[in-house]
Amino acid sequence: MSPVDTRRLERAMPFLVIGGALLLWQAVVRVLAIQQFILPAPTDVYEALLEYHDPIFASALFTLENTIAGFGIGIVVGLVLGSVIGTSRLAYAGLYPLLVGLNSIPKAAIVPILVLWMGIGQPPAITTAFLLSFFPIAVNVATGLATTEPELEDVLRSLGATKFDILRKVGIPRSLPYFFASLKVSITLAFVGAVISETLASNDGIGYLMVQAASQFRTPLMFAGVSVIAAMGIITYLIFVMIERRFTGWAMRKHHNPVVVGGG
Amino acid sequence: MLNPRTTAAVMDDAGAGRAFVDIAGVTLRYGAGPETQALADLTMQVKQGEFAAVVGPSGCGKSSLMKLVTGLLPPTGGRVDVAAKNVNGPLKIVGMAFQNSTLLPWRNILDNVMLPLEIVQPHRERLRGNRAEYEKRARGLLESVGLGGLEKQQPWMLSGGMQQRANLCRSLVHSPQLLMLDEPFGALDAFTREELWAILQELWLQQRFTCILVTHDLREAAYLADVIFVMSARPGRIIATHRVDLPRPRTVDTTFDPAFVDLVHRIRGQIAEARGGKATASTRGAG
Numbered sequence: 003m004s005p006v007d008t009r010r011l012e013r014a015m016p017f018l019v020i021g022g023a024l025l026l027w028q029a030v031v032r033v034l035a036i037q038q039f040i041l042p043a044p045t046d047v048y049e050a051l052l053e054y055h056d057p058i059f060a061s062a063l064f065t066l067e068n069t070i071a072g073f074g075i076g077i078v079v080g081l082v083l084g085s086v087i088g089t090s091r092l093a094y095a096g097l098y099p100l101l102v103g104l105n106s107i108p109k110a111a112i113v114p115i116l117v118l119w120m121g122i123g124q125p126p127a128i129t130t131a132f133l134l135s136f137f138p139i140a141v142n143v144a145t146g147l148a149t150t151e152p153e154l155e156d157v158l159r160s161l162g163a164t165k166f167d168i169l170r171k172v173g174i175p176r177s178l179p180y181f182f183a184s185l186k187v188s189i190t191l192a193f194v195g196a197v198i199s200e201t202l203a204s205n206d207g208i209g210y211l212m213v214q215a216a217s218q219f220r221t222p223l224m225f226a227g228v229s230v231i232a233a234m235g236i237i238t239y240l241i242f243v244m245i246e247r248r249f250t251g252w253a254m255r256k257h258h259n260p261v262v263v264g265g266g
Numbered sequence: 002m003l004n005p006r007t008t009a010a011v012m013d014d015a016g017a018g019r020a021f022v023d024i025a026g027v028t029l030r031y032g033a034g035p036e037t038q039a040l041a042d043l044t045m046q047v048k049q050g051e052f053a054a055v056v057g058p059s060g061c062g063k064s065s066l067m068k069l070v071t072g073l074l075p076p077t078g079g080r081v082d083v084a085a086k087n088v089n090g091p092l093k094i095v096g097m098a099f100q101n102s103t104l105l106p107w108r109n110i111l112d113n114v115m116l117p118l119e120i121v122q123p124h125r126e127r128l129r130g131n132r133a134e135y136e137k138r139a140r141g142l143l144e145s146v147g148l149g150g151l152e153k154q155q156p157w158m159l160s161g162g163m164q165q166r167a168n169l170c171r172s173l174v175h176s177p178q179l180l181m182l183d184e185p186f187g188a189l190d191a192f193t194r195e196e197l198w199a200i201l202q203e204l205w206l207q208q209r210f211t212c213i214l215v216t217h218d219l220r221e222a223a224y225l226a227d228v229i230f231v232m233s234a235r236p237g238r239i240i241a242t243h244r245v246d247l248p249r250p251r252t253v254d255t256t257f258d259p260a261f262v263d264l265v266h267r268i269r270g271q272i273a274e275a276r277g278g279k280a281t282a283s284t285r286g287a288g
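Chains as they are written, first to last, in this note's numbering: chain A, 3 to 266; chain B, 2 to 288.
Incorrect hints may appear among the rest.
Pulled a few chain A residues facing chain B out of the computed Cβ check, cut under 10 Å [said to hold, decoys possible]:
| # | residue |
| --- | --- |
| 1 | Pro-5 |
| 2 | Phe-39 |
| 3 | Leu-41 |
| 4 | Pro-44 |
| 5 | Thr-45 |
| 6 | Asp-46 |
| 7 | Glu-151 |
| 8 | Gly-162 |
| 9 | Ala-163 |
| 10 | Thr-164 |
| 11 | Leu-169 |
| 12 | Lys-171 |
| 13 | Arg-176 |
| 14 | Thr-250 |
| 15 | Ala-253 |
For the record, the hints were derived by calculation from the structure and aren't laboratory data.
The model shown is predicted, which means the values in this text are computed figures rather than measured ones.
Built from N, CA and C at the ideal position, the CB exists for glycine as well.
Start from the sequences, fold in the hints, and give me the full structure.
And the structure:
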């Protein structure tokens, strides 16, 4: 195979794999004659998507809103926390254990508390999305800031640079790849958070739609909901990959990307 | 108001070869106890426009000395003066280069070299209005070290030796009065190192900045320096001072000159002794 063919194949691989999996799924359902309420065939899911496209679209929009709102707050809080932790040893010592503890709590366990405080619907969904998404951002920004070479800092200080100069010329550019890498992880986590909360405490959104569909054994509709969430996750992820390439292309030549810490 | 006569006198003093860097009886400790003492009663003087090298066994506190002179670290005892002023905070007239080239990977070579101009006064304020003029200066410097035409390359596209050349340009672009080099060529292969010695010597001959080079390479010290200070093992102090009277510009051929070889051998012996006599016998035998 010529290099061009290899590259074409590489680009086609995601679609080939997804297409192959769908075909296999369809074949298994048909051959084993599995009943629709247990496992619907891809064609059934597609039909459900067409049939219910209005409520699905409305729910998806609601979920997307919650996700983006929670993610937006997550970016702001994550950036501020990460900057503080990354530049101050005291803040690192004090805050880091707390953050790790907070991050290791299953967020499904927090939703009832949020409901107690905020009622159901949008507020707990946004908050859960935020809680899931800020942590990777904070940790990655902190890592980026903390990895400034001490020699470089000496060079700049001996030129009369202030702490702010060093942050602006070195710290922030150095942490950008970490920041953008964390964004792609965080946006998918924000979806998870929003859907968890909607499943437990909401009258709207994809999560609620799926709970409803489950209670009526409309399995194709449930799968339609899942596929819509997956599609939104993939699309937002790709958007952030593009933003990352655009802003931090210089960091991409290395084969290892910054380590991304996630949570659930 | 400055008295014009006093100002003139100070400038005369400096110009007449009075010590530009004056380190008097400096002690440095990182904590309590004898183990943490890095420097003990260290005294050395470097004249304006002089090229000094500091050599010594590893871990003798050479890098601490760098930080002392540049004011990044205050001495525990004694006094450091630069340009007839007591050093009590980071100096703002220094260029520095380390073994690790620390070029910023998100900037191209030209922008990397121009980084000090974005920080040092008065260039910082003039940069925006006079960008073309400053860029010309940076390009000229890059040209003089053989990096002409590579200004727009990213650092990682360049070899280690080329990165170190760019690093030298960065440390000199703001015309510092004092250049501090901490084993700048330590990570390079022998041939590249010799090339860079010649380049550094060329730059120094043109600009005549005061330079302190910390190195463990005795040939490097003898090739480049006017004066070589030999440090003892930790806690470091100066145990010998050698004037290098070889004519300039020196070349790789100079390093085979008997006077050069003899000097390197003498220093090697002193450092071996400073390490506690462990290597003395073998070094002498080889010499």
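* Against chain B, run the beta carbon of Glu-151 (chain A) and see if the smallest gap drops under 10 Å. => holds (6 Å)
Please verify that hint: Gly-162 (chain A), Cβ, nearest Cβ of chain B, below 10 Å or not. Status holds, d = 3 Å.
Check your understanding: Does Thr-164 (chain A) meet its interface restraint, that is, does its C-beta lie within less than 10 Å of any C-beta in chain B?
Key -> This interface hint holds because 9 Å falls under the 10 Å limit.
Q. Any CB of chain B closer than 10 Å to the CB of Phe-39 (chain A)?
A. Phe-39 (chain A) check fails; min Cβ-Cβ to chain B is 55 Å, beyond 10 Å.
Can we keep the Leu-41 (chain A) interface hint, with Cβ of chain B closer than 10 Å? Not OK, violated: Leu-41 (chain A) not within 10 Å of chain B, min 50 Å.
(request) Would you settle whether the hint for Arg-176 (chain A) is holds or violated, based on the nearest Cβ-Cβ distance to chain B being less than 10 Å? (result) It holds, given that the least Cβ distance between Arg-176 (chain A) and chain B is near 8 Å, below 10 Å.
- Task: Classify the hint on Lys-171 (chain A) as holds or violated, based on whether any CB of chain B lies nearer than 10 Å to its CB.
- Result: holds (7 Å)
Practice problem: With chain B as the partner, please determine if Asp-46 (chain A) meets the hint condition of a C-beta pair closer than 10 Å. | Solution: violated (50 Å)
Restraint outcome when Thr-45 (chain A) is required to lie within 10 Å of chain B by C-beta distance | Constraint on Thr-45 (chain A) not satisfied, violated at 49 Å.
*Minimum Cβ distance from Pro-5 (chain A) to chain B below 10 Å?*
Check failed: Cβ of Pro-5 (chain A) comes no nearer than 22 Å to chain B, outside 10 Å.
*At a threshold of 10 Å, is the proposed contact between Ala-163 (chain A) and chain B supported by beta-carbon distances?*
holds (5 Å)
Thr-250 (chain A) as chain B interface residue, shortest Cβ-Cβ below 10 Å: holds (8 Å)
Against the hints set out earlier in the document, violations occur for numbers 1, 2, 3, 4, 5, 6, 11.
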